[in-house]
Amino acid sequence: MFESKSGVLLIAGLTFFGFAFLSNAVVPALMYADLPEKTAEELVNPQLRYQFEELGRRFPDAFVAAFGEPPTSGDVEGWWNARAAEALREGRDLYVGEGCWHCHSQFVRPVSNEEQRWGPVARSWEYQNELQRPVLFGTRRVGPDLSREAGRRGSDWHAVHLFDPTLTSTKSPMPAYPWMFDGSPDKPKREALALITYIQWLGSWLESYPLYESYTPAPIPREGLLEEHNGQ
Amino acid sequence: MQAQGEQRIDGQLVDRSIVLAYFGAALLFMFVSMLGGLLMGMQLLRHNPLNGIEFFSPGRWRMVHTNAIAYGFLANAFLGLLHWAVPRLTLRPVLDRRLSWAIFAAWQLIVLGTAGGILAGHAQALEWGETPVWVDPLAQVGLLLVAVNFMAPIVQLRGPMYVTLWYFMAAFVWTFLTYAMGNFVPQYFVSGTSAGAVGGLFIHDLVGLFVTPLGWGLMYYFVPIILKKPIWSHGLSLVGFWGLAFFYPLNGIHHFLYTPIPMFLQYGAIVSTIAVELVVTTVLINFFGTLWGRGREVVTNLPIRWFYTGMVFYFLTCLQCALQTTLTFQALIHFTDWVVGHAHLVMFGVFSMWIFGMMTYLIPRLLGREWYSRAACEWHFWLSAVGVFVMASDLILAGVFQGWSWSSLAPWYDSIAVSIPFWAVRIVAGLAMFAGFLVFVWNLWMTWRSAEEIEFSSVPVTA
Numbered sequence: 000m001f002e003s004k005s006g007v008l009l010i011a012g013l014t015f016f017g018f019a020f021l022s023n024a025v026v027p028a029l030m031y032a033d034l035p036e037k038t039a040e041e042l043v044n045p046q047l048r049y050q051f052e053e054l055g056r057r058f059p060d061a062f063v064a065a066f067g068e069p070p071t072s073g074d075v076e077g078w079w080n081a082r083a084a085e086a087l088r089e090g091r092d093l094y095v096g097e098g099c100w101h102c103h104s105q106f107v108r109p110v111s112n113e114e115q116r117w118g119p120v121a122r123s124w125e126y127q128n129e130l131q132r133p134v135l136f137g138t139r140r141v142g143p144d145l146s147r148e149a150g151r152r153g154s155d156w157h158a159v160h161l162f163d164p165t166l167t168s169t170k171s172p173m174p175a176y177p178w179m180f181d182g183s184p185d186k187p188k189r190e191a192l193a194l195i196t197y198i199q200w201l202g203s204w205l206e207s208y209p210l211y212e213s214y215t216p217a218p219i220p221r222e223g224l225l226e227e228h229n230g231q
Numbered sequence: 000m001q002a003q004g005e006q007r008i009d010g011q012l013v014d015r016s017i018v019l020a021y022f023g024a025a026l027l028f029m030f031v032s033m034l035g036g037l038l039m040g041m042q043l044l045r046h047n048p049l050n051g052i053e054f055f056s057p058g059r060w061r062m063v064h065t066n067a068i069a070y071g072f073l074a075n076a077f078l079g080l081l082h083w084a085v086p087r088l089t090l091r092p093v094l095d096r097r098l099s100w101a102i103f104a105a106w107q108l109i110v111l112g113t114a115g116g117i118l119a120g121h122a123q124a125l126e127w128g129e130t131p132v133w134v135d136p137l138a139q140v141g142l143l144l145v146a147v148n149f150m151a152p153i154v155q156l157r158g159p160m161y162v163t164l165w166y167f168m169a170a171f172v173w174t175f176l177t178y179a180m181g182n183f184v185p186q187y188f189v190s191g192t193s194a195g196a197v198g199g200l201f202i203h204d205l206v207g208l209f210v211t212p213l214g215w216g217l218m219y220y221f222v223p224i225i226l227k228k229p230i231w232s233h234g235l236s237l238v239g240f241w242g243l244a245f246f247y248p249l250n251g252i253h254h255f256l257y258t259p260i261p262m263f264l265q266y267g268a269i270v271s272t273i274a275v276e277l278v279v280t281t282v283l284i285n286f287f288g289t290l291w292g293r294g295r296e297v298v299t300n301l302p303i304r305w306f307y308t309g310m311v312f313y314f315l316t317c318l319q320c321a322l323q324t325t326l327t328f329q330a331l332i333h334f335t336d337w338v339v340g341h342a343h344l345v346m347f348g349v350f351s352m353w354i355f356g357m358m359t360y361l362i363p364r365l366l367g368r369e370w371y372s373r374a375a376c377e378w379h380f381w382l383s384a385v386g387v388f389v390m391a392s393d394l395i396l397a398g399v400f401q402g403w404s405w406s407s408l409a410p411w412y413d414s415i416a417v418s419i420p421f422w423a424v425r426i427v428a429g430l431a432m433f434a435g436f437l438v439f440v441w442n443l444w445m446t447w448r449s450a451e452e453i454e455f456s457s458v459p460v461t462a
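Here the protein sequences line up with chains F and S, keeping their order.
Residues in the first sequence are numbered from 0 upward in steps of one, following numbering that gives the first Met the number 0.
Residues in the second sequence are numbered from 0 upward in steps of one, following numbering that gives the first Met the number 0.
Bound conformation, chain F alone (with noise of 0.2 Å):
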């Protein structure tokens, strides 16, 4: 038997493989079955509605140019959460095709005071939706993780950042993304804003967005301050 087709083909094959895909991939699936899986129409939350319109109004050549003339009458709530929900789908493709989640995790552990750093531990059903097949979880974290990051910096810093990094970050590893913009940061193009979209939405369904860091002024001089800033 332990030296056999049969044995090897079916038993280790087959068996042992069947066992493990069960007890480690079945359980889970069963035991969040009763948690419903969100389109990405349903995730459009209201923090999510005033970055997206935030967006339109900062950028508004770009946006209409990647998005349409918002109606001023008929359905407008009804254009506004589909646009939304478009640019959060495509958001998340940019995300995995360049990606950004192998340098920023998606999930804040109780352990190592991520709590602190980062807000509140992950739960499953944060990740029951269509945005999270598969799951964007990641494995490493060169940057920030970015699962609370929603509301926390404006849209424009993220243009700015995504166009040249090291504009708003001066030393950061991160590589730019000129080639989403019109030659310059407040000429965003769709995948942009789409993109933006979709990092303004982590963590937006929590209760405690925006969730800024503990923050505690540093005591440095005044006169310090602009080479601080320069040099940093």
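Note that these hints are calculated values from the structure, not bench results.
Treat the hints with care, as some may be off.
Claimed, not checked - Simulated crosslink set (BS3-like; lysine-lysine; CA at most 30 Å straight-line):
1. Lys170/F to Lys188/F
2. Lys37/F to Lys170/F
3. Lys170/F to Lys186/F
4. Lys228/S to Lys4/F
5. Lys4/F to Lys227/S
Claimed, not checked - From the structure, some residues in chain F lie toward chain S, with a derived Cβ separation under 8 Å:
6. Glu2
7. Val26
8. Ala28
9. Gly67
10. Pro70
11. Pro109
12. Asn112
13. Leu135
14. Trp156
15. Pro174
As the list claims (entries may be wrong) - Per the computed footprint, the stretches of chain F lying under chain S, defined by three or more beta-carbons under 8 Å from a beta-carbon of chain S, are:
16. 95-103
17. 139-146
18. 162-172
All C-beta atoms in this analysis are idealised placements derived from N, C-alpha and C, irrespective of residue type, glycine included.
Given chain F, put chain S in place with the hints provided.
Quick look at chain S alone, frame taken from chain F:
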């Protein structure tokens, strides 16, 4: 007489040209992968000359880096080696040589499609399986054909089979199932936390149920042949295979500890990971038992040196794994470069080193020529072995500092600043590995070009 036997095996059973073709493809993708790693490494040090160019975006090249190793280098090299080992072990040819070449062509299309798709921004959100979703069904068919082509000679065997064939047969089933599970289940059937559990299984099974059984199967084949003595203990071979078969598939969730995945499943994965390390120890004892009394071969015989160096690294990574999988270690080192160091030690330090050893042994036999330069072979070994050891130790240590920096709640940039010296050392180590690889390719080219075709059977076993 022996020479005639060799000729018969060579002519009727083993298609030398396809082994060579697979080796060529494997080396090409190793080159691509190393370029990708170099690009990402330079980006981290903020010295990437190609920063801001869409098709050279380091984020995309990072995925090309890992996928080119898994599907370009390891898969191609293993397929070539299977074309050498399976017909010799079964004394029967593969199902059909035309099918072999069709698979070869299809697999290169799959790998190129994967690279092209990733560079065009179509990656799938599955670590180690970023193959675009439209490549997945093709790869699945390819894996099925591979299994059929190699199983044809194996099923004709009667009675108990040699260890190597257990590993190969299981690998054909496992690779097919693992690829299907990872690429389709979390994409089309489950989302969120459950998708995370499946993703963890996939990352782990790709290494444990595709790369590991093929790698060990080939070790069980080449080590006794080169040392001209049997494996030390048949019983330990059984323990090693069945222990791996049972415990390895249960490990996956240890990639996502402290996530919302149920805690009892996380504990289960941790316990079975530690069990795997005990199994690994029995395999290592078996191989060092085989080497016992012939230790000098490690100095004089290059392929044996590659193999046993890889085995020492294997033991180190597995020991490391037993520690790092515990929740105590995870709290500190998860998300850090510790894990990146571990991955390089496994994928390069163990499996790529074994493959380089097998290539070092086989290429004189495939080309009918002695290596052009033995010194170049030595350089390849030392640059690779020292390079990967320095890289892995460096990144593992960097991970500890990064973990401490994060838990201390220092500003995020502090964790980058503390990493810079480690990342600089990593680049140097990576360049050493790259240089070793280029020396190997140059040596292979010069061997190919050298005029004299020597008598096949007169190639000394010590290469």
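ask   = Can you list which hints this structure breaks, lowest number first?
value = 2, 9, 10, 14
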